[in-house]
Every structure is written in structure tokens, then in C-alpha cells.
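The chain contents come next:
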Amino acid sequence: MYEHTDYPLRKHLVEAHERVWENIAEPGPFWTGAERTSMVAESRAATSCHLCEARRQELSPYAIDGAHNSETDLDDVIIDMIHRIRSDPGRITRSMFDRVMNAGISPEHYVEVVSVVNSSVIIDTLHAALGLPLAALPSPKPGEPTGQPPANVTDEGAWVPIAVGNERPGLINGLSNNREPNIARSMGLVPSAVQLFFTAFRPHYALQNIPLDLQQSQAEFIASRVSALNQCFY
Amino acid sequence: MLLRASGQSEQTDYDLNSVTDNEIDSGVDSSHWLRSLTEAAIQSQWDDLASIRDQAGTAMGTQSMVDALVVASGFNGITRVADATGIPLDENTQEMTVDMRESTGIERFNYNEKSDRYDLVTS
Numbered sequence: 000m001y002e003h004t005d006y007p008l009r010k011h012l013v014e015a016h017e018r019v020w021e022n023i024a025e026p027g028p029f030w031t032g033a034e035r036t037s038m039v040a041e042s043r044a045a046t047s048c049h050l051c052e053a054r055r056q057e058l059s060p061y062a063i064d065g066a067h068n069s070e071t072d073l074d075d076v077i078i079d080m081i082h083r084i085r086s087d088p089g090r091i092t093r094s095m096f097d098r099v100m101n102a103g104i105s106p107e108h109y110v111e112v113v114s115v116v117n118s119s120v121i122i123d124t125l126h127a128a129l130g131l132p133l134a135a136l137p138s139p140k141p142g143e144p145t146g147q148p149p150a151n152v153t154d155e156g157a158w159v160p161i162a163v164g165n166e167r168p169g170l171i172n173g174l175s176n177n178r179e180p181n182i183a184r185s186m187g188l189v190p191s192a193v194q195l196f197f198t199a200f201r202p203h204y205a206l207q208n209i210p211l212d213l214q215q216s217q218a219e220f221i222a223s224r225v226s227a228l229n230q231c232f233y
Numbered sequence: 000m001l002l003r004a005s006g007q008s009e010q011t012d013y014d015l016n017s018v019t020d021n022e023i024d025s026g027v028d029s030s031h032w033l034r035s036l037t038e039a040a041i042q043s044q045w046d047d048l049a050s051i052r053d054q055a056g057t058a059m060g061t062q063s064m065v066d067a068l069v070v071a072s073g074f075n076g077i078t079r080v081a082d083a084t085g086i087p088l089d090e091n092t093q094e095m096t097v098d099m100r101e102s103t104g105i106e107r108f109n110y111n112e113k114s115d116r117y118d119l120v121t122s
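Residue numbers (numbering that gives the first Met the number 0), protein chains in the order written: chain A, 0 to 233; chain B, 0 to 122.
Simulated from the structure, these hints should not be mistaken for laboratory data. Since the structure is predicted, the reported quantities are computational estimates derived from the model, not experimental observations. Errors might be hidden in some of the hints.
As the list claims (entries may be wrong) - The calculated label-pair distances, taken between Cβ atoms and stated as ranges, are:
hint	chain 1	residue 1	chain 2	residue 2	range
1	A	His-49	B	Asp-46	17 to 23 Å
2	B	Glu-106	A	Gln-147	35 to 41 Å
3	A	Pro-132	B	Gly-104	33 to 39 Å
4	B	His-31	A	Pro-132	44 to 50 Å
5	A	Thr-46	B	Gly-104	43 to 49 Å
6	B	Gly-26	A	Gly-65	30 to 36 Å
7	A	Asp-154	B	Asp-47	41 to 47 Å
8	A	Asp-5	B	His-31	38 to 44 Å
9	A	Arg-55	B	Asp-115	18 to 24 Å
10	B	Gln-54	A	Gly-65	39 to 45 Å
11	B	Ala-49	A	Ala-62	30 to 36 Å
12	B	Gln-42	A	Lys-140	32 to 38 Å
13	A	Pro-132	B	Thr-57	21 to 27 Å
For each residue, glycine too, the CB sits at the ideal point set by N, CA and C.
Generate the whole structure from the sequences, applying the supplied hints.
Below you can see the structure in the form of C-alpha cells.
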């Protein structure tokens, strides 16, 4: 991954992204490797989907229905979820989550999709931003979903139960053990989803003493600007 | 909200309204290039981004330019995690940023306001 660039990328970032790519292709606790790989393909399809583009022109993203330009055989409600996350994240509302739940998808399945898709968003965005072709999809590994023991979660007002705090120090660099933010707890319903996503994210940021060729305030400015562009409240 | 904390630790007043208003200078070093790189990357303006990379690399140094895109791409993912899970603000942040969220316009991104704005057709 990233072998065709002269831009200076740090070795640990490249290695982390390669690990994430390999992990996506393996069975997760609730989805097969083939399904997880399809989620990445579907996320990419969303960037040129006609229905997504039409929805972005509407005052409400729920104003029109139709068929997405889909490239997989994932369930339609999962395809719609992935396309909304990829193409119009700032206008996601609880309605999207409720639609998925009403289709009989479990919160655990939902969280795993969120993790896989957004891990791939990080990797695809960096490739595109550096002018590189997107990485080839990984080859899915065979096997059924692995399942998992019940997670230690709590209801704190998010759409999904989130992890009990302060059990995962080090997910975000520079974070003290007694100050775990909700974002680090948000996918705690599926611990491997947390691990996958933060393996991708960790080389991109630190809350203090950021190990990049940027001042901390410069990194925060970028982070804040992305949040504003994506209309992210958190 | 992170920029606010960064300003406190650096004992510098950054203009937080610059986050939501392009006309305002943040006071952050190289903010013009940081803004240009970030907006082109997040809004998929790939043709523009090619020349912006060249110019920003000359102005800031190539490593800093690349690292700016590294941060932007990371947050392009993590903001979607927050948006898709509906997580509330952390307790301290909730209490300490009420005025700032109003003045910058960030409050309009809260989940209830988004539902009021975007769910109208289906409700």
C-alpha cells in the first residue's frame, strides 16, 4: 500500500493501514470477510451513485427513494446505510439508524459496518488526497463470522450502547487513562470494531504532542474544519 | 472544540469562528494552506488538490503538507463514526462550550436539530 508515491509517509502509518486492509478481509464477529470487503466496495460506489447525488440536492435526504448504484449483494438496508455514511454524513439522523434496526439488523451488526466503512474512508481519503489510485480491495478470507462474548456497555444517550469508560487507554494518542472520550467508547458494543478503526486512525492524530510535522494548533484547525465540513456535532 | 483547548495550552487566542466562516483568519500558522488542503480533500476536489499540494508543499514544506492531509483523512473517518452512532458530547465539553457552540454555529449540528431539519419529509 502507498508503494507508488514519493510523498513522505511514515512507516507506522503505512503498516497500520496494511493491517487494517488485511483485517477487513477476515471474518469479523458478525459479518464474513466477503461481506466486510463488500462494505468497502459499496462505500466507494457511493461516491459516484446517482441516487446519493440526487438526495444531496434535496432539502431532506429522506425525500426520495430509489436504487443505489450498487456493486454488491449486501442487503438493501445496509447498502443504503453505507451510502448515506459515505456520501452525506452531515445529514445522518437517528432515522437512518432506526430504519436499519427496523429491518432486523442488530446493533452489533450495525456497529461493525460503521467501523469497517469508516476505516476504509480514512484509507481511501488519504490515497485520493495524495493523488494515488485507491488500493485494490483485499481478497476475502473464508469463514463464518466469529461471534464474540457480550461486551461491557452502557446506555449514555447514544443511538447504540457504548463502552463503559476508561477500559481502553491508548486508543487516541496523548489521552490520559482517566479521560476517555465518548468517541473512543462509541463502538464498544463490538470491541474488535473499536480495534479496527483505531488502528487506522491512531497514526493520524494525537491529543497532545502530536508526532507529525504540524503544530498541535494546526492539527486542531484541520480537525475542526473537517468537523464543520461534515457537519459533525461531536 | 479541540482548537479551543489547543489555544489554551499554547496561551494563544485563536478565532474559533474561523472554523465555520471562511472569511475569518484563525490565527493558526499557514491556515490558508491548511484550509485549502482540507477543503479540497474532504470535498473531493481532486483536480484542484493536485495544484494545492504543490503550492502548499512549497510554502509549508512537503512533510507538513502531507501531514495536513494525514490529519484531514483521519478526521474524515472519525467524524462519520460520531455521526453514525449519535454519541453525545463528553460531559466536560458539553458544559464548557455552550457559548462557543452557539457563536460558531456548531450547535446547529446537534442531533435533535438535524432531525428537525432533515426528517420533515418522513415524519
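Exercise. Sort out which numbered hints this structure fails and list those numbers smallest first.
Key: 4, 5, 6, 8
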